[in-house]
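The listed protein sequences correspond, in order, to chains A and B. Going by this note's numbering, the residue at position 370 of the first sequence is 370; the numbering climbs one at a time, nothing skipped. Going by this note's numbering, the residue at position 140 of the second sequence is 140; the numbering climbs one at a time, nothing skipped.
It should be emphasised that the hints constitute simulated quantities derived from the structure, not laboratory data. Just so you know, even glycine gets a beta-carbon here, dropped at the ideal spot from N, CA and C.
Not close to chain A: a few residues of chain B, all C-beta gaps over 12 Å, as computed:
id, residue
1, Asp9
2, Leu14
3, Gly16
4, Ala29
5, Met37
6, Phe83
7, Glu115
8, Met154
9, Val207
10, Leu219
11, Met220
12, Gly301
13, Arg351
Cβ pair distances, simulated, as ranges:
id, chain 1, residue 1, chain 2, residue 2, range
14, B, Met116, A, Glu70, 51 to 57 Å
15, A, Trp293, B, Leu33, 42 to 48 Å
16, A, Glu72, B, Met37, 26 to 32 Å
17, B, Leu150, A, Ala320, 53 to 59 Å
18, B, Leu150, A, Glu290, 49 to 55 Å
19, A, Gly359, B, Gln331, 36 to 42 Å
20, B, Ala146, A, Asn361, 39 to 45 Å
Given next are the chains, with one letter for each unit.
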Amino acid sequence: MPCARRAGTNREASMNRRNLIASVAAMTTISLALPSWAQDEPLKVGFIYVGPVSDGGWTYQHDQGRLAVEQEFGDRVETTYLENVPEGVDAERALTQLALAGNDVIYATSFGYMDAVINVAAKFPDVKFEHNTGYKRADNVGTYDGRFYEGRAVTGTIAGRMTKSNKIGYIATFPIPEVIQGINSAYIHARKVNPDVEMRVVWAYSWFDPAKEADAANALMAEGVDVILQHTNSTAPLAQLQKAGKIGFGQASDMASFAPTPRVSSVYNNWGAHYVKSVGRILDGTWKPEAIWGGIGDGIVAIGEITEAVPAEVKAEAEALRDKIAAGEYHPFTGPLNKADGSVWLAEGQTATDEDLSGMNFYVEGITAELPQ
Amino acid sequence: MIRLVPRTDTPALLQGSTPVLAVLATMLAGGLLFAIMGYDPVTAIRTIFWDPLFGPAASYSRPQLLVKAAPLILIASGLAVGFRAGIWNIGAEGQYIIGAICGAAVALAAYPAPEMWIFPAMVIAGAAGGWAWGMIPALLRNWFGASEILVSLMLVYVAQRIAAWMAFGPMKNPEGFGMPGSRNLQQYPAAANPELIVGTGAHWGVVAAVLAVLATWFLMSRHIRGFHIRAAGTAPRAARFAGVKPETLVAFCLGLSGALAGMAGLFEVAGPAGQITDKIGVGYGFTAIIVAFLGRLHPLGILLAGLLLALTYIGGELAQLTLNLPGATVQVFQGMLLFFLLGFDLLTRYRITRRIAA
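Chain A extracted, bound-state conformation (with noise of 0.2 Å):
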């Protein structure tokens, strides 16, 4: 009886007397309202999102990922969603209601629901969690993101060889490790196959904000640049470049409406590769609470196609760099690589840790640019 099996689990020892009470206080009323399930009934799925499901970046890829869930498991499985739930105050109930309606497990697609996530699973220790984009895990928590500067690392070589004015920019949301680690890896890769390029930053301090981005794009356009990676999430700079002649690659999602140019290739989200996975090992009862961080090779970082636009042996290069990145022959970030302020970062061979990279708050030496902190 899951309410047995709630009340019986050991919590967090961290957790307060009061706290333990109030939960135990809780979780017996909200077990009575439940009905118990049997094992040949579906696995509920839920998803939360911050953002509507029509916005045609984030929130489309995550539940892209939802809709690859249900054509993968079909019956076995039952999905819903709650979408344009705000990060803070509103995110502990929607976990919460969703737990309440049964699913066995629930994926939190938004960095700011990360201790509203937290708070709900000390709750329902039957219940599966996992978190996008954070850090914190707990005995029914896991983590996924995705290894974007793997993406960037073969967009930034596209950028290097497809520059005339040597000056490439880049559009930025905050000064989070996530970003920075895509600056540093677009421009190393721009670097390597164009010894003489610059790269220009522009903080947008927005995920999704067209107006901004446009500005952002032509403000980089007006220093120079002739051609722009973004990490911002709308169309809009690739709509300002189309008007320019100068390209661009789609984020997120693949923004396949600029193609063949303005977007000549893009990195974007395909959580389906992931949430598959995870779902399966539920179903076959081998999931563990994991901190999950996949790259290209697993499937939830993908390039879109490379278009015409881009000359053929820049093509084959670029693709090479991708299939290297994935079979894990080439780490991104591979010494020697100096930080910014001319101190060593990297010696000539070796890698980057996932610890060096998860705290990220540096600029690789050769961006001239000011990281605000």
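Add chain B to chain A, keeping to what the hints say.
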């Protein structure tokens, strides 16, 4: 030709019943909308308005109503005082954000001290922050005649930027791996605003909301300042002759509503929200405007209206979960509610007459 003619006298019954009519009209129009979209309208309306109160998981959702309604009621109580005087604070959202930041600043500066004074000091700092942010439009109006509507609204966007700066800069959790967001105040006992009685949802913000309702009721119906406010709203010239200083009223109303919004922000950031992020403003300051009008700018009405709006939030989530209604349903409902309310209000003050154009 259709003309609107002011009514010479409005029946009290009609005036008092418009919120109820607006709710019923919203249910009807909402049901119609659901039917067009292919959902069963009766089930949808029942899921939104009935299930959170009496449905299978009501033991969880009922306390959540208080959690959701508390900031709305707290903010709307303050706004209503100003609205009665014809002073339009549209920027409670910004005052809420600044209050949250100022309150959290006290906690983060004191971390990890366990002293008892920390939480009360946070409440004072939150109120002071909201008050100060409300005083900017007040002073600009008093000194330069700037519209408090525009200034207070624009300051919301300034406050949002400050919140983003704080979350990525000075208040960033030093143990957060460079990720945005402050420490979680729920995990800092001296600063946390937890549930006071287990299973009720009631935190200090709920207590403050009830006190605010009582205090504004006393102010408006028993205190001379309340009389001045009502006089200034209904007959500004007469009020001036009676010795009411408009400047004082502007400062009082914007300061009061700012302080209450700031406190609401503090209670949220120390409780349900937990941390300062770039998204601490979730729209309570704007929804509270609907609450104030739906409650007829009367403290008791605001209490009920706050609970009703909270019901649409929680019921809307339930409808998403159980019926797969789109997430925008809640916003559509809230928008319709205000639309019908304003519409019915117009009809209580004006008569429609049809006349053939000459």
